[in-house]
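Asker: What follows is the residue order along each chain.
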Amino acid sequence: MLVEFELIQKAQKGDAGAFNQIVSAYRRRILGTISRVIGRPEDVEDVSQEVFVRLYFSLEQLRTPEVFEPWLYRLTVNACYDYLRKSRRKPEFRMSDLSEQQVMMADAAAGSRMQDDEAERRRTRDTVNELLGAVSEDDRILLTLKEVEGLSLKELEKIYHVNENALKVRLFRARQRVLKKHDEVLKTMKEVTGPPSGSAKSNDKTGA
Amino acid sequence: MMFNRQMDYQNESGSETRLDQLFRAYRQAMPDPEPSVNFMPAMWAKIEQREKSDNWIGQFAKALATAALVAYLITAMVSPSPASKKNAYYNVAYRNGNYVDALVADHFSTLEPLHLDRISHLEAGR
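Read top to bottom, the protein sequences are chains A and B. Its first residue numbered 1, the first sequence is counted upward by one per residue in this note's numbering. Its first residue numbered 1, the second sequence is counted upward by one per residue in this note's numbering.
FYI, nobody ran anything at the bench for these hints, they're computed from the structure. Each hint should be verified, as a subset may be incorrect.
Claimed, not checked - Just a sample of chain B residues kept apart from chain A, beta carbon distances all over 10 Å, derived: (1) Glu-16; (2) Pro-35; (3) Trp-56; (4) Gln-59; (5) Leu-64; (6) Ala-67; (7) Val-70; (8) Leu-73; (9) Met-77.
Said to hold, decoys possible - If you want the footprint, here are the derived chain A segments under chain B, 3+ residues with CB under 8 Å: (10) 66–77; (11) 125–139; (12) 171–184.
Said to hold, decoys possible - Calculated pairs, BS3-like style, for lysine-lysine (alpha carbon to alpha carbon, straight line, at most 25 Å): (13) Lys-52(B) - Lys-10(A); (14) Lys-52(B) - Lys-190(A); (15) Lys-52(B) - Lys-187(A); (16) Lys-62(B) - Lys-86(A); (17) Lys-146(A) - Lys-181(A); (18) Lys-146(A) - Lys-180(A); (19) Lys-181(A) - Lys-168(A).
Positions of the beta carbon are idealized from the N, C-alpha and C atoms, including for glycine.
Just chain A, same shape as in the assembly:
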């Protein structure tokens, strides 16, 4: 835990300074999780603030220190759900106007291979967000917490209030749905980019 339980107890008694310290300790982590779940940088702070506002009003219900972090994550998950469901918003990104395939085609046309780090990161972000954008909000949030945030099944159990087996089933199904989309994307990319350069060379050789 990033803060002592005494600090939480002070905040429970209405100590604004103690609450500020709790927020300062957790806000980067919460901002990160929310940014990876909702994928809209301009709304990340807004949703994070909503999490801490909910924490402020529900803090007095907390009795044991062990459940603080799962509880904070639960508030985060609920805030993300609310955000994503409010208008059935799908994540949008800077490159969202172009699909992965279109980006690749555009790059190929420009003769660029996008080999620098930033371009590679952008491609990864777009690909994962395309995959997670194709599944439900439930699947998206669950997979992000497990696969990206690296939470254990025990931690997820406390957040979702379901047993480990039920979580495993849900995770398996969510992964299957993402894998299906992943294979579709790969197939489309292969069709767009054509055969690998090695085979083109060999064709040339045979042609010569």
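Place chain B on chain A using the hints.
Answerer: Chain B alone, transformed into the frame defined by chain A:
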């Protein structure tokens, strides 16, 4: 057949591995963002706003409860006393019933108790 199954399995596990790698790369590509300087003030502004709206809702609920109590008391004062309920049957019959019900009610309301002495008088007269 067995070869196909093995190929499927290899493809599947290959996809699984690629997906895991993709998720790891995604985590690295999206580090935790730095909060803006306005994060805390904006959060406290939201908390205060929520507190105000909660107070307003609380006051509204109290006012509503008071109004309901007053309305109940007025209704209790205006409503007919238990004594007048005796005539409820007739009133209902007159208001809602058909012609026969009204006649029956009318007859019932004017019916006097049976006087046995008068009957004996009649029998004596015969």
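Asker: Which of the listed hints are not met by the structure?
Answerer: Numbers 1, 2, 10, 14, 15 and 16 - these are the hints that the structure violates, sorted from lowest upward.
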